[in-house]
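Sequences and hints are given; from them, build the entire structure.
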Amino acid sequence: MEENQSFLELQVDQTAAKNLSDVARWARFLSITGFVCMSLMVIFFVSMQSRLAAAMSQIVPGFSDLNGIGVLLAIIIIAAAVGCLLLYFLFRGSTLIKRGIETKNQEVFNTGLASLKAYFTMYGILAIIVFITNLVSIF
Amino acid sequence: MEQQDADHSLFDLSIDETAKEHLKRICSWTMIIVATAVLGYVVAIIKALMPKARVIQSEGFGVSVSAGQTVASVIFSIIIGLLINYFLYQFTKLAKKGVDGMSQTDLNAGFYNLKIYFVIISVLVIIILAFFLLFLVAVSADASAR
Chain A
1 MEENQSFLEL QVDQTAAKNL SDVARWARFL SITGFVCMSL MVIFFVSMQS
51 RLAAAMSQIV PGFSDLNGIG VLLAIIIIAA AVGCLLLYFL FRGSTLIKRG
101 IETKNQEVFN TGLASLKAYF TMYGILAIIV FITNLVSIF
Chain B
140 MEQQDADHSL FDLSIDETAK EHLKRICSWT MIIVATAVLG YVVAIIKALM
190 PKARVIQSEG FGVSVSAGQT VASVIFSIII GLLINYFLYQ FTKLAKKGVD
240 GMSQTDLNAG FYNLKIYFVI ISVLVIIILA FFLLFLVAVS ADASAR
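Chains as they are written, first to last, in my numbering: chain A, 1 to 139; chain B, 140 to 285.
Just so you know, these hints were derived from the structure itself, not from any lab.
It is possible that some hints are incorrect.
Derived EDC-like pairs (lysine to aspartate or glutamate); straight-line CA-CA distance at most 16 angstroms [stated by the list, open to error]:
#  : chain 1 : residue 1 : chain 2 : residue 2
1  : B       : K235      : B       : E160
2  : B       : K163      : B       : D239
3  : B       : K232      : B       : D245
4  : A       : K18       : A       : E102
5  : B       : K159      : B       : D245
6  : B       : K235      : B       : E156
7  : A       : K104      : B       : D151
8  : B       : K159      : A       : E107
9  : B       : K235      : B       : D245
10 : B       : K236      : B       : E160
11 : B       : K235      : B       : D155
12 : A       : K18       : B       : D151
13 : A       : K104      : A       : D13
14 : B       : K159      : B       : D239
15 : B       : K236      : A       : E9
16 : B       : K159      : A       : E9
17 : B       : K163      : B       : D245
18 : B       : K235      : A       : E9
19 : A       : K104      : B       : D155
Which chain A residues face chain B? A few, computed with CB under 8 angstroms, are given here [what the hints assert, rightly or not]:
#  : residue
20 : E9
21 : V12
22 : V23
23 : A27
24 : T33
25 : G100
26 : I101
27 : K104
28 : N110
29 : K117
30 : Y123
31 : G124
32 : F131
33 : N134
34 : L135
C-beta atoms are modelled at their ideal positions from N, C-alpha and C, and glycine is treated no differently.
Structure follows, in structure tokens:
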């Protein structure tokens, strides 16, 4: 009876395993590229601080007086940290799903799915925040 | 015997209750992502049709700040965005159908669409990085020529 039940369950068959492995490979590529881009962005802003301050003070009067560059840098670092956390979930999810399929380990596979869930949850929350910000900016 | 071994090796991993729960939650959030993206495109169109640039006066010097995008660039972004989100929507629809209806075919089709979604984003990232690299090379070449 139990054996018959297991055949009626959804399985990670060859097609699903191939598709999920490809998902994991591309997701891993995206997360690594994202980490590199985030790091380069932070390095760029830190090294170009003085030039940015000069450019911003032309647009926003009194920008340098208000210690604006420090605030701008803090915002960039926070944004990069949030982005890195998002990419970490994607990286962890892709790595564990791939490992779970290769080693046929159900627990590792499920943990990978949990990380992918965390990635899409965080992505969804950020999407809602960005949408509300965009909506508010119209008025 | 060999056939039995092959079947066994294929069925070592299953979509158990925990995996189903994770997949359902993933589907819920991807649906929210698709919905906010589509609503965001509507907002982007409205913003693009509004006045595009404002001039900020700074100590007697007029500094023009572009505060909007052109309609053409918005439409281009929306087409790319719709293409990406179509595959995410297909994943959501098929994976949910597969998990709820215990359909292996639908679940596999859902995973295939998720793969296409990540492939398109990756290709776009590669193209953007290539353009950015070209821009950097052009800027450095221009600086060294001066």
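Tested hints:
1. At roughly 11 angstroms between alpha-carbon atoms, K235(B) and E160(B) fall within 16 angstroms of each other, so this suggested pair holds.
2. With a C-alpha separation of about 9 angstroms, the suggested pairing of K163(B) with D239(B) holds against the 16 angstroms cut-off.
3. For the suggested pair K232(B) and D245(B), the alpha carbons sit about 9 angstroms apart, so the restraint of at most 16 angstroms is met.
4. Restraint check: the Cα-Cα separation between K18(A) and E102(A) comes to about 11 angstroms, which is no more than 16 angstroms; the hinted pair holds.
5. In summary, the hint linking K159(B) to D245(B) is supported, as the alpha carbons are separated by about 14 angstroms, within the 16 angstroms threshold.
6. A distance of roughly 14 angstroms separates the Cα atoms of K235(B) and E156(B); the hinted pair therefore holds under the 16 angstroms criterion.
7. A threshold of 16 angstroms between alpha carbons decides the hint, and for K104(A) with D151(B) the separation of about 6 angstroms falls inside it, so the pair holds.
8. Among the hinted pairs, K159(B) with E107(A) is consistent with the structure: their alpha-carbon atoms are about 13 angstroms apart, no more than 16 angstroms.
9. For the hint linking K235(B) to D245(B), the alpha-carbon distance of about 8 angstroms falls within 16 angstroms, and the restraint holds.
10. About 13 angstroms separates the Cα atoms of K236(B) and E160(B), which keeps this hinted pair within 16 angstroms; it holds.
11. With a C-alpha separation of about 14 angstroms, the suggested pairing of K235(B) with D155(B) holds against the 16 angstroms cut-off.
12. Between the alpha carbons of K18(A) and D151(B) the distance comes to roughly 15 angstroms, so the proposed pair stays at or under 16 angstroms and holds.
13. Proposed proximity of K104(A) and D13(A) is supported: the alpha carbons are some 11 angstroms apart, at most 16 angstroms.
14. Of the pairs offered as hints, the one joining K159(B) and D239(B) holds, with about 9 angstroms between alpha carbons and a cut-off of 16 angstroms not exceeded.
15. At roughly 14 angstroms between alpha-carbon atoms, K236(B) and E9(A) fall within 16 angstroms of each other, so this suggested pair holds.
16. As the CA atoms of K159(B) and E9(A) are separated by approximately 11 angstroms, the hinted pair is consistent with the 16 angstroms bound.
17. Between K163(B) and D245(B) the alpha-carbon distance is near 14 angstroms, which keeps this suggested pair within the 16 angstroms criterion.
18. For the suggested pair K235(B) and E9(A), the alpha carbons sit about 15 angstroms apart, so the restraint of at most 16 angstroms is met.
19. For the suggested pair K104(A) and D155(B), the alpha carbons sit about 13 angstroms apart, so the restraint of at most 16 angstroms is met.
20. For E9(A), the suggested interface contact is upheld, since its CB lies about 5 angstroms from the closest CB of chain B, less than 8 angstroms.
21. The closest approach between the C-beta of V12(A) and any C-beta of chain B is roughly 4 angstroms, which is under the 8 angstroms cut-off, so the hint is satisfied.
22. Contact between V23(A) and chain B, as hinted, is supported at the beta carbon level, the nearest pair being about 5 angstroms apart and thus within 8 angstroms.
23. The beta carbon of A27(A) is positioned within 8 angstroms of a beta carbon in chain B (closest approach about 5 angstroms), and the interface hint is therefore held.
24. Satisfaction of the interface hint for T33(A) is found here, the shortest Cβ-Cβ separation to chain B being roughly 6 angstroms, below the 8 angstroms cut-off.
25. For the restraint placing G100(A) at the interface with chain B, the shortest Cβ-Cβ distance is roughly 7 angstroms, inside the 8 angstroms limit, so the hint holds.
26. A hinted interface residue such as I101(A) counts as satisfied when its beta carbon comes closer than 8 angstroms to some beta carbon of chain B; here the least separation is about 7 angstroms, so the hint holds.
27. At its closest, the beta carbon of K104(A) sits 4 angstroms from a beta carbon of chain B; the interface hint therefore holds under the 8 angstroms criterion.
28. For N110(A), the interface hint holds, since its Cβ comes within 8 angstroms of a Cβ in chain B; the closest pair sits about 5 angstroms apart.
29. Against a cut-off of 8 angstroms between C-beta atoms, the interface hint on K117(A) holds, since the closest Cβ of chain B lies about 5 angstroms away.
30. Taking 8 angstroms as the C-beta contact cut-off toward chain B, the hint placing Y123(A) at the interface holds, the least distance being around 6 angstroms.
31. Taking 8 angstroms as the C-beta contact cut-off toward chain B, the hint placing G124(A) at the interface holds, the least distance being around 4 angstroms.
32. Satisfaction of the interface hint for F131(A) is found here, the shortest Cβ-Cβ separation to chain B being roughly 4 angstroms, below the 8 angstroms cut-off.
33. A hinted interface residue such as N134(A) counts as satisfied when its beta carbon comes closer than 8 angstroms to some beta carbon of chain B; here the least separation is about 5 angstroms, so the hint holds.
34. Using the Cβ-Cβ criterion of 8 angstroms, the hint placing L135(A) at the interface with chain B is satisfied: the shortest such distance is roughly 6 angstroms.
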